[in-house]
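Q: In order, the protein sequence lines correspond to chains C and Z. For the record, in the first sequence the residue sitting at position 84 is 85 according to our numbering, with numbers rising by one throughout. For the record, in the second sequence the residue sitting at position 274 is 275 according to our numbering, with numbers rising by one throughout.
Incorrect hints may have been included.
Same chains, same label: a pair holds when it works inside one copy or across any pair of copies.
Quick list of in silico lysine-lysine cross-link-like pairs, DSS-like style, CA-CA up to 25 Å [stated by the list, open to error]:
1. K267 / K247
2. K56 / K278
3. K106 / K247
4. K227 / K98
5. K181 / K267
6. K143 / K166
7. K98 / K219
8. K278 / K49
9. K49 / K143
10. K156 / K175
11. K125 / K175
12. K106 / K175
13. K53 / K278
14. K278 / K134
15. K85 / K278
16. K134 / K115
17. K219 / K49
18. K106 / K227
19. K86 / K247
None of these hints come from the bench; they were simulated from the model. Quantities reported herein were computed from a predicted structural model and do not represent experimental measurements.
There are 2 protein chains.
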Amino acid sequence: MLTFSVTILGSSSAQPTLTRFPTSQVVSLNERLYLVDCGEGTQIQLRKFGMKIGKINHIFISHLHGDHIFGLPGLISTMALAGKKGELHIYSHSELKMMMEHLMKYINEFDDFKVVYHPLNFRKRAVILEDSKLIVESFPLKHRIPCCGFIFSEKPHELRLRPDKIEQFDIPIKERVAIKGGASFQTSEGEIIPSQELTFPADPVRSYAFCTDTVCRKQILPIIRKVDLLYHEATFAHDLSDLALKTYHTTATQAAELARDAEVNKLVIGHFSSRYKNVASLVDEARVVFPNTFAANDGDRFEL
Amino acid sequence: MLTFSVTILGSSSAQPTLTRFPTSQVVSLNERLYLVDCGEGTQIQLRKFGMKIGKINHIFISHLHGDHIFGLPGLISTMALAGKKGELHIYSHSELKMMMEHLMKYINEFDDFKVVYHPLNFRKRAVILEDSKLIVESFPLKHRIPCCGFIFSEKPHELRLRPDKIEQFDIPIKERVAIKGGASFQTSEGEIIPSQELTFPADPVRSYAFCTDTVCRKQILPIIRKVDLLYHEATFAHDLSDLALKTYHTTATQAAELARDAEVNKLVIGHFSSRYKNVASLVDEARVVFPNTFAANDGDRFEL
């Protein structure tokens with residue numbers, strides 16, 4: 002199977018701490034890197050955790066609060082200085098383009114490097130990127146300003162040819178691609194062998210859902226249902242559920258309830274309020290509801 | 002004497018490295034903190050080096066390149082979130098205000114906290130701040146875009162009263178302030194005792210000059226003459242003097258020549274190109290010309 006992982010670059014909420022930068026993470030599928038949110042210091046964290054800045058061609062921005070975007074100007078400048086070519090695609094609220102262009106006014110002209118902004122739809126689920134391996138969709142969350150979650154889903158894999166059957170029926174190379182796609186095979190004697198007899202099942206399709214910043218929102222359950230990994234913000238412990246509601250954030254217990262109800266495989270909580278010097282209590286609280294919960298810490302890598 | 006020091010928060014040039022953040026430093030005089038430039042991650046460095054963000058009320062921005070300003074939005078947001086009151090004064094090119102206001106659009110309203118922008122004059126030396134202890138002046142440097150240096154000078158100190166003379170002439174408390182300011186004293190017998198007989202000399206007045214980013218510019222020599230500490234950029238070693246000239250930067254040798262010709266006490270070089278994994282060679286190069294040279298490293302504190 003291809004490597005499919007999520008690396009946490011920042012796990013704090015609005016204010017960074019000595020150990021937690023603001024929100025940013027890298028979704029990595031088969032050496033392709035997709036950046037999700039870009040808080041201040043993202044370029045520094047990318048370097049620290051050995052991730053190649055030049056490999057990032059797509060950035061997904063959940064919303065326009067500073068702790069999710071203030072790393073963009075520096076990251077883009079560094080890409081340009083490092084001679085990056087081609088297009089960098091940023092998926093965000095439409096206003097980001099203007100905000101960035103004002104700030105980048107004095108950055109030197111980029112020769113063969115262009116930033117392309119793609120406006121998100123904050124009203125409904127939508128496919129925003131599809132490449133050979135992956136589909137990325139956005140879906141509405143509910144925060145103080147327009148905010149989206151993202152779901153990264155592998156495309157269906159091919160069936161895997163059985164070496165014993167290839168030999169038994171002496172299947173020519175040119176027919177193998179079709180069989181992996183589900184076609185049957187006709188032997189020289191005219192016998193039809195169905196694909197499922199010639200192959201092992203395809204690798205399961207994996208998916209990752211990213212949800213921050215938002216009030217606890219049951220409407221997302223059908224969207225995040227059975228994902229392999231759910232990242233959900235848990236800015237507060239549940240004793241501050243009133244504050245969470247007021248500031249449009251989620252508690253650790255609520256995040257765990259969503260994970261349980263959506264039957265996801267694993268939950269990672271993050272976007273911790275800087276008041277928590279140690280987030281073990283938040284993880285403990287969540288594990289009462291959903292045992293397979295882990296804290297996001299800067300530098301952590303979660304494999305799907 | 003009051004504590005007068007400079008703490009380096011960032012010593013890299015355009016691109017941060019694993020050990021060097023972009024330009025920022027704190028000038029500290031008697032517990033008052035003055036921030037100079039504000040590259041990405043400045044708020045993180047302030048925290049790391051134990052400097053109280055809430056104590057900063059004045060920020061001096063040399064020019065509008067990203068590696069000197071991209072930390073401002075996050076720093077201001079954090080100040081606001083931490084409940085800072087009153088005014089934060091930012092001294093910069095007049096365009097910064099508009100650039101920042103676009104980016105800060107989605108930051109919540111600050112109740113009793115206001116950012117006040119003061120435009121710098123890039124044509125001539127000018128006093129930009131004067132408080133009870135300090136005078137800050139800007140002066141023109143020469144870079145690809147308008148750029149200023151800053152000079153921080155202590156105000157003249159009072160003369161120090163001699164305890165033996167106070168006793169000898171039984172000087173009343175209410176007359177002592179005038180004597181420390183240079184007034185003479187009349188004894189009950191009508192004798193006039195000049196101030197210099199009653200006092201020790203005042204502590205020497207110290208000054209700090211900050212010069213980045215700029216080509217080597219002899220015109221600054223009268224301004225930085227005999228400062229206690231000169232911070233000057235040395236983006237490149239002298240074998241790259243052509244590149245330095247082309248990009249409007251200075252070499253280590255050139256910075257040392259300025260320090261020598263201006264008869265400063267100590268030179269700190271910084272704003273190192275990320276190509277230098279080890280900057281010892283730059284310091285060695287400078288010390289050939291000006292022995293009292295040191296490298297700026299993130300976290301270093303230089304006392305005046």
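Q: Hints the structure violates: just list their numbers, smallest first.
A: Hints 1, 4, 5, 6, 7, 9, 11, 12, 14, 17, 18 are the ones this structure does not satisfy, whereas the remaining hints hold.
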